[in-house]
Amino acid sequence: MNRVSLTWARFSWPTFLVFLTLILPWYDSGSESVFAEAIGDKSWLFPIVLLTGILSILALIDPNWRRHALAGPLVITGLCWLFLQAFTIGLRGPHWLLILDLFPSAVDGQTGFGFGAWALVLALVGALSEVLAARGFCRGDRFASFSVIGIASLLGLFVLFPILKLVFAAFVSNDGVISIYPFFSRLVAPDLWGAACLIGAGRCGVVINSVVLGILAGISATGLGLALALLVSRTDFRMKRWLRALSILPIITPPFVVGVAIIVLFGRTGIITVEVASLLEIRPSRWVYGLPGILMAQILAFTPVAFLVILSALEAINPTLEEASTTLGARPLTTFRKVTLPLLRPALAAAFLLTFIESLADFGNPIVLGGGYDVLSTKIFFAVVGAQYDLGRAATLSVVLLLLTVTAFAIQQVWVGRSTYVTVSGRSDAGLVSPAPPVIKWIAVLMVAPFVFFTFGVYLIVLIGGFVHDIARMELAPTFTHLWTAFSFEISDTGLQLYGSAWNSMITTLWVSALSAPLTMGIGILTAWLIARQEFAGKHIFEFITLLSFAIPGTVVGVSYIAAFNIPPIDMTGTLWILVICFVFRNMPVGMRAGLAALAQIDRSMEEASQTMGAGGARVLRDVVLPLIKPSVFTALVYAFVTAMTAVSAVIFLVSARHNMATAYIMGRVENGEYALAIAYSTVLMLVMIVCVALMNLMIGRRILGRRLSFKEGSPS
Amino acid sequence: MDQPAIEFRRVVKRYGDTTAVAGIDLQIEQGELVTFLGPSGCGKTTSLRLIAGLELPSSGQVYIAGRDVSHDPASSRNIGMVFQSYALFPHMSVLENVIYGPTLRGLSKRAAIDSARELLDLIGLQGLGDRLPSELSGGQQQRVAVARAIIQQPDVILFDEPLSNVDAKLRRKVRDEIRSLQRRFGLTAVYVTHDQEEALAVSDRIVVMNQGQIEQVGPPSMLYERPKNAFIANFIGDANLISGVIQGGIFKATDVLIPLQDQDGPAVISVRPERIGLLSGGSATILSASYLGSRIEYLVDALIGEVLVSRPIFEPRFEAQDSVTLQFDPTTIIRVG
Numbered sequence: 006m007n008r009v010s011l012t013w014a015r016f017s018w019p020t021f022l023v024f025l026t027l028i029l030p031w032y033d034s035g036s037e038s039v040f041a042e043a044i045g046d047k048s049w050l051f052p053i054v055l056l057t058g059i060l061s062i063l064a065l066i067d068p069n070w071r072r073h074a075l076a077g078p079l080v081i082t083g084l085c086w087l088f089l090q091a092f093t094i095g096l097r098g099p100h101w102l103l104i105l106d107l108f109p110s111a112v113d114g115q116t117g118f119g120f121g122a123w124a125l126v127l128a129l130v131g132a133l134s135e136v137l138a139a140r141g142f143c144r145g146d147r148f149a150s151f152s153v154i155g156i157a158s159l160l161g162l163f164v165l166f167p168i169l170k171l172v173f174a175a176f177v178s179n180d181g182v183i184s185i186y187p188f189f190s191r192l193v194a195p196d197l198w199g200a201a202c203l204i205g206a207g208r209c210g211v212v213i214n215s216v217v218l219g220i221l222a223g224i225s226a227t228g229l230g231l232a233l234a235l236l237v238s239r240t241d242f243r244m245k246r247w248l249r250a251l252s253i254l255p256i257i258t259p260p261f262v263v264g265v266a267i268i269v270l271f272g273r274t275g276i277i278t279v280e281v282a283s284l285l286e287i288r289p290s291r292w293v294y295g296l297p298g299i300l301m302a303q304i305l306a307f308t309p310v311a312f313l314v315i316l317s318a319l320e321a322i323n324p325t326l327e328e329a330s331t332t333l334g335a336r337p338l339t340t341f342r343k344v345t346l347p348l349l350r351p352a353l354a355a356a357f358l359l360t361f362i363e364s365l366a367d368f369g370n371p372i373v374l375g376g377g378y379d380v381l382s383t384k385i386f387f388a389v390v391g392a393q394y395d396l397g398r399a400a401t402l403s404v405v406l407l408l409l410t411v412t413a414f415a416i417q418q419v420w421v422g423r424s425t426y427v428t429v430s431g432r433s434d435a436g437l438v439s440p441a442p443p444v445i446k447w448i449a450v451l452m453v454a455p456f457v458f459f460t461f462g463v464y465l466i467v468l469i470g471g472f473v474h475d476i477a478r479m480e481l482a483p484t485f486t487h488l489w490t491a492f493s494f495e496i497s498d499t500g501l502q503l504y505g506s507a508w509n510s511m512i513t514t515l516w517v518s519a520l521s522a523p524l525t526m527g528i529g530i531l532t533a534w535l536i537a538r539q540e541f542a543g544k545h546i547f548e549f550i551t552l553l554s555f556a557i558p559g560t561v562v563g564v565s566y567i568a569a570f571n572i573p574p575i576d577m578t579g580t581l582w583i584l585v586i587c588f589v590f591r592n593m594p595v596g597m598r599a600g601l602a603a604l605a606q607i608d609r610s611m612e613e614a615s616q617t618m619g620a621g622g623a624r625v626l627r628d629v630v631l632p633l634i635k636p637s638v639f640t641a642l643v644y645a646f647v648t649a650m651t652a653v654s655a656v657i658f659l660v661s662a663r664h665n666m667a668t669a670y671i672m673g674r675v676e677n678g679e680y681a682l683a684i685a686y687s688t689v690l691m692l693v694m695i696v697c698v699a700l701m702n703l704m705i706g707r708r709i710l711g712r713r714l715s716f717k718e719g720s721p722s
Numbered sequence: 002m003d004q005p006a007i008e009f010r011r012v013v014k015r016y017g018d019t020t021a022v023a024g025i026d027l028q029i030e031q032g033e034l035v036t037f038l039g040p041s042g043c044g045k046t047t048s049l050r051l052i053a054g055l056e057l058p059s060s061g062q063v064y065i066a067g068r069d070v071s072h073d074p075a076s077s078r079n080i081g082m083v084f085q086s087y088a089l090f091p092h093m094s095v096l097e098n099v100i101y102g103p104t105l106r107g108l109s110k111r112a113a114i115d116s117a118r119e120l121l122d123l124i125g126l127q128g129l130g131d132r133l134p135s136e137l138s139g140g141q142q143q144r145v146a147v148a149r150a151i152i153q154q155p156d157v158i159l160f161d162e163p164l165s166n167v168d169a170k171l172r173r174k175v176r177d178e179i180r181s182l183q184r185r186f187g188l189t190a191v192y193v194t195h196d197q198e199e200a201l202a203v204s205d206r207i208v209v210m211n212q213g214q215i216e217q218v219g220p221p222s223m224l225y226e227r228p229k230n231a232f233i234a235n236f237i238g239d240a241n242l243i244s245g246v247i248q249g250g251i252f253k254a255t256d257v258l259i260p261l262q263d264q265d266g267p268a269v270i271s272v273r274p275e276r277i278g279l280l281s282g283g284s285a286t287i288l289s290a291s292y293l294g295s296r297i298e299y300l301v302d303a304l305i306g307e308v309l310v311s312r313p314i315f316e317p318r319f320e321a322q323d324s325v326t327l328q329f330d331p332t333t334i335i336r337v338g
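Quick note, the sequences are listed as chains C and L, same order.
Okay, so the first sequence: first residue is 6 according to the working numbering, each after it adds one.
Okay, so the second sequence: first residue is 2 according to the working numbering, each after it adds one.
Since the hints were made in silico from the structure, they are not lab data.
In silico negatives: residues of chain C with every beta carbon more than 10 Å from chain L: (1) 55; (2) 285; (3) 291; (4) 396; (5) 413; (6) 554; (7) 661; (8) 688; (9) 691; (10) 698.
Which chain C residues face chain L? A few, computed with CB under 7 Å, are given here: (11) 145; (12) 610; (13) 614; (14) 618; (15) 632.
Short derived list, chain C residues pointing at chain L, Cβ under 8 Å: (16) 146; (17) 613; (18) 621; (19) 633.
Yeah, the Cβ is synthetic: ideal placement off N, Cα and C, and Gly gets one too.
So here's chain C without its partners, still in its complex pose (with noise of 0.2 Å):
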């Protein structure tokens, strides 16, 4: 029995309480120890040390506490007071009068949660973890029970409470009433539904635009990626190498500078506008601007997506089928058309949904190139920072935003996901994988033929257009002047200066993404452990929300952290962790899925083993799982890192003079018409990546390297 463990879980968290209530200061500016404050005039306060008090001397006095019958009760207890309080008493006093009789002293309010607070919460949902754990939750493993109970905190607060928070936002009127009534006025306006458009006549509501660019994107990213996907699996095309190559590129791009790059080529200035115009003697017109515009930059942009989706099911068809089809006498169109194409359908469908929803959740690019037509997100972004501030538009339109995301993601989770044809099992039988008839060949070639001209020119303009005179009038003349005005500097006496005016926004958004891939990785992958290796009551639901956080656009979770920690208990906008948090969960979906996939392929036994051997949870993550799934550990951190420095969505509602970030800078520029400026920060933004990129592979990579693998442990050879 470890010796160590047993005297932590004996006094680890009460006493932790106790030397939380007396030391750590309670609320967020200038403030003493609960205690100091309770016996103060914050009263209401008393409960909590009274209770922390009790489980404290519960612990001291009975070495086995946590089986004790009192200590579930006063954990949640406290647990509950901590929450009722905080959310009851706010900044101006309390939402209710009757509490004024019981504390009468409510009435100066009180501020948001500080160290102490927070501390209190950790302490208590640790002690609760404790609790269960000893009554047999998650096998009794205190380190599993730990983090169950810790992540779906953390869950709860920072993607289900905001959420709710939105969605009741929805709900109150502008002059702060809460009724039923303007949720139903705002979403029956016209601009919402009208469908105009489809009839050739005057514009579509915001919904109708949204949809249709949705589906048209959906459409044509899914046709162009089972194109490459063909080309690249089933022919001896020689550019393959360069096709998988190009599928990286939208990952790393910040958002705008391909619809800087698209007005650069097909503006009402543009080049090839221009061009085309004096040829056929019309006059150049802002035709990109709206759909054409959003459609050409979405697709860039979602194609790769589609292309992995399509490729991966591609290739996991067993060649045998294809070659039944053969042998009894198909030819290659008819094997293709009666087989390949059939089995690939749920591919061609998922490929389909998620491209419709990452373009219902794109913001930037539809905010560049958008014109007249409004989409969905774009119309909340202007609800919130434009000059109307009308947060309940904005809630209103998250939520129509929100119920079409998370429709689509549900349909391809149950629908698509239930109909995957798994063709290969266990061991494939070995099979030549048949070619693509050639009419499908050519076919093929010629759909991704413009698609490959079309990026090669976007990215032509973004590599050399941060470098030259005026890219816009075709100045080509090299210069430094917009990477100067970004990132000018001197270094005299005084040290190092910067002067340019993106060095703000450069660092800010390399500690938050420095920050926040650690994070997301760390939280994602032990997500990824709980779900693929831990059994707990209430693990479907556990599931259930690090799913729906895929399907919560960008935009929605903006603002939805703009009406949940804008106010006290717990006010972090304006702060450098906000934009941390928000990463973090937005991407862990990811860091899990990550996990989840390596996690399958590893032989639960081998944690077994660990753990007959005495290895507690944190043992068995730490000596066995980590070490076997390195390799997508940092493919997690890679990725989280990535996405935090180019993301955009989310981050321009929360970000601040103080802490700006680089996207956000961009879209200043892009919006100012300097152009030039911005692609030249994107393009430094990308070297940035890839350098750090480097490094990190340098750091982990190579240690990943160090030791020979080999994950089919035990199979005799």
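With the hints as your guide, set chain L onto chain C.
Showing chain L alone in chain C's frame:
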């Protein structure tokens, strides 16, 4: 010590709506090797994992060395386990694998290495400590798994179908190795298998399980010779189950009359194939004859139904379509229902 090494008291394990273990009472004594035997899904592996602490009972108690461990996780029980896949850590050397447990439980690394080397020498793996598991043969990997499980003198060592990854030809050897190691160290062992021959060969006692319940517990010879019911008779070895009626000390089934002192009423008897003799000529017909090297198995069509008969190779042989008479030995007949 008088107390049993392991005790199950009304142990139940449910997963949602399915009941894997449905109320088991069992005692396992110090130093004995007990096998859980049964068809797949009978609850034998779940029972093993309940001892290990990899599952906790839904109700009832599990005692190890007299201590109620029903709520203790695997990490705080003193057990060793050998997994079906061996579950050796691929990123650790053989030595690191073996000292993993002792160092976790507070032994100094030096002391752990010393005892690990000693143990590896003892089980014939000298000089392989620095290899990675993937560089060993299947049999060697299995021995490392055993060494890893017994190094910290566990209260009990658990084997989860340890032979299923061993080549058929090696199984007998590995089986004997396990048995002799268990005897040499005086270990209490619980062994799970679905192979009845393996269970008969290796066990002090066998626990036959079916649908989450214990059907019968006893030494191998007892289970084979005195099966308690039709399931046991059928599951351990081959058996002909014949339904009939007992009346005044005679068992009757169509044209078969066998003296059998038992309570009157409808009855099922079990007759082992090797306990039935064949005489030339009669009302029964040979349906097929299978030559199996050491014996010949006949499927015989008799009035009581199809009967399996196994005869030594040196006896007169019959061919399909031959007419025969079946000959029962009353002393080897067991009533099972």
